[in-house]
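Asks: Sequence:
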Amino acid sequence: MMTVLNIIKDENKGLVKKILSCIKPYKIDTEMKQYGDFSIYTIHYYQRKGKIRTDKIYDIMRGKNKVILCDKNINLFNTPFRRFTSNALKRKLMQNYLFDVLKKANIDPSVLRISYYDPDAEFPSLARALLDYTSNLTVVTDMPKFYENEAERIFASCGASVTVSNHIDHLYPCDILISPAVIRKPISAAASTLIFTVQRPTVTVTGNVICDYKINLSNEYQSIIPDYIDEDYFLSGLYVICKQNNLGKYIPYACGNQFELYSPEIIIRQIRAKCMISVV
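Its first residue numbered 8, the sequence shown is counted upward by one per residue in my numbering.
Hints in this document: simulated from the structure, not taken from any laboratory.
Watch out, some of these pointers could steer you wrong.
Said to hold, decoys possible - Restricting the straight-line Cα-Cα distance to at most 30 Å, the calculated cross-link-like pairs of lysine-lysine (DSSO-like) are:
{"#": "1", "residue 1": "Lys-221", "residue 2": "Lys-110"}
{"#": "2", "residue 1": "Lys-152", "residue 2": "Lys-40"}
{"#": "3", "residue 1": "Lys-16", "residue 2": "Lys-79"}
{"#": "4", "residue 1": "Lys-34", "residue 2": "Lys-71"}
{"#": "5", "residue 1": "Lys-79", "residue 2": "Lys-58"}
{"#": "6", "residue 1": "Lys-99", "residue 2": "Lys-63"}
{"#": "7", "residue 1": "Lys-31", "residue 2": "Lys-79"}
{"#": "8", "residue 1": "Lys-99", "residue 2": "Lys-71"}
{"#": "9", "residue 1": "Lys-99", "residue 2": "Lys-250"}
{"#": "10", "residue 1": "Lys-40", "residue 2": "Lys-56"}
{"#": "11", "residue 1": "Lys-63", "residue 2": "Lys-73"}
{"#": "12", "residue 1": "Lys-110", "residue 2": "Lys-73"}
{"#": "13", "residue 1": "Lys-31", "residue 2": "Lys-71"}
{"#": "14", "residue 1": "Lys-79", "residue 2": "Lys-56"}
{"#": "15", "residue 1": "Lys-31", "residue 2": "Lys-16"}
Unchecked claim - Here are the simulated distance ranges between beta carbons:
{"#": "16", "residue 1": "Lys-71", "residue 2": "Leu-138", "range": "19 to 27 Å"}
{"#": "17", "residue 1": "Ala-197", "residue 2": "Ile-231", "range": "38 to 46 Å"}
{"#": "18", "residue 1": "Asn-13", "residue 2": "Ala-280", "range": "23 to 31 Å"}
{"#": "19", "residue 1": "Asn-156", "residue 2": "Asp-44", "range": "23 to 31 Å"}
Since we're looking at a predicted model, the values are computed, not measured.
A virtual CB, placed ideally from N, CA and C, is assigned to each residue, including glycine.
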């Protein structure tokens, strides 16, 4: 079961509403809906006056998971609740998009240079999978010993060579930079460098930071997304909490940064152009 908290600011316009807000500063409605093998429990909290009464919300959630989906601006500090956050679906969609684009680009692996940033060595399987498309893979991590052992295993099994470093400056130069984790250290790459990651970096990063992946949802999912919550965030909850693994099979039709979207054809042209420059 997934729990969604919807805070509704009930404006005190008019004398009657102002009086009502003093008598009853909040109102709570709940609804439970079943969708096949999963359910969604929604709490509609009408905030008329004062702070959000998380103690009252807690009362109606006894026995239920206290990890909830809600607006990121809601302060849950020092409450029994924790806001759900996960990049698992975004990471899977990024991977699907990348592999689709690289397969269609059909670039000679000896030409394509890919840098892979995995500071905590959380996603080695993606690094291994990238060797189907490049023989010039550089991995930068804060756990170099782990990846050095991984590189030895890879070389022994298929003869592919992986460069491992713990210096973030060694990510560049490259044709593509991939980070399956949130980027929390500054990266200085060329403005045209394609950087694929799962959310906007928390620090300054130069380059074209791609962190949005658009999919054409089936009606099965499109029909249940409420208008009061971010679509990507809601789908992430369905994927992680409700175990809707089918969402991880989608191949995005476009990717983008905070300003514009790119079709696979545009990304393929950009990668090919970068490879041509690198071999000149």
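Asks: Indicate, hint by hint, whether the structure satisfies it.
Replies: Evaluated hints:
Note on Lys-221 and Lys-110: the hinted pairing holds, with a Cα-Cα distance of about 19 Å set against a maximum of 30 Å. Taking the CA atoms of Lys-152 and Lys-40, the gap is near 48 Å; set against the 30 Å cutoff, the hint is violated. Taken as a hint, the Lys-16 and Lys-79 pair is honoured in the structure, with Cα atoms around 15 Å apart against an allowance of 30 Å. Among the hinted pairs, Lys-34 with Lys-71 is consistent with the structure: their alpha-carbon atoms are about 20 Å apart, no more than 30 Å.
For the hint pairing Lys-79 with Lys-58, the CA-to-CA distance comes to about 16 Å; that is within 30 Å, so the pair holds. Distance restraint check for Lys-99 and Lys-63: the Cα-Cα separation of roughly 37 Å exceeds the 30 Å cut-off, and the hinted pair is therefore not satisfied. In summary, the hint linking Lys-31 to Lys-79 is supported, as the alpha carbons are separated by about 26 Å, within the 30 Å threshold. With a C-alpha separation of about 28 Å, the suggested pair Lys-99 and Lys-71 falls inside the 30 Å cut-off, and the hint holds.
For the proposed pair Lys-99 and Lys-250, the alpha carbon gap of about 14 Å is at most 30 Å, so the pair holds. Between Lys-40 and Lys-56, the direct Cα distance comes to roughly 29 Å. Compliance with the 30 Å bound is thereby established for this hinted pair. For the proposed pair Lys-63 and Lys-73, the alpha carbon gap of about 13 Å is at most 30 Å, so the pair holds. Annotation: proposed proximity of Lys-110 to Lys-73 is violated, straight-line Cα distance about 42 Å (limit 30 Å).
For the suggested pair Lys-31 and Lys-71, the alpha carbons sit about 26 Å apart, so the restraint of at most 30 Å is met. The hinted pair formed by Lys-79 and Lys-56 meets the criterion: a straight-line CA distance of about 20 Å does not exceed 30 Å. At most 30 Å may separate the alpha-carbon atoms for a hinted pair to count; Lys-31 and Lys-16 meet this at roughly 14 Å. Checked against the given bound of 19 to 27 Å, the beta carbons of Lys-71 and Leu-138, roughly 44 Å apart, lie outside it.
At about 42 Å, the beta-carbon gap between Ala-197 and Ile-231 stays in the expected band of 38 to 46 Å. Take Asn-13 and Ala-280: their Cβ atoms lie about 46 Å apart, and the range 23 to 31 Å is violated. About 40 Å separates the C-beta atoms of Asn-156 and Asp-44, a value inconsistent with the hinted range of 23 to 31 Å.
Hint compliance for this structure: hints 2, 6, 12, 16, 18 and 19 are not met, and every other hint is.
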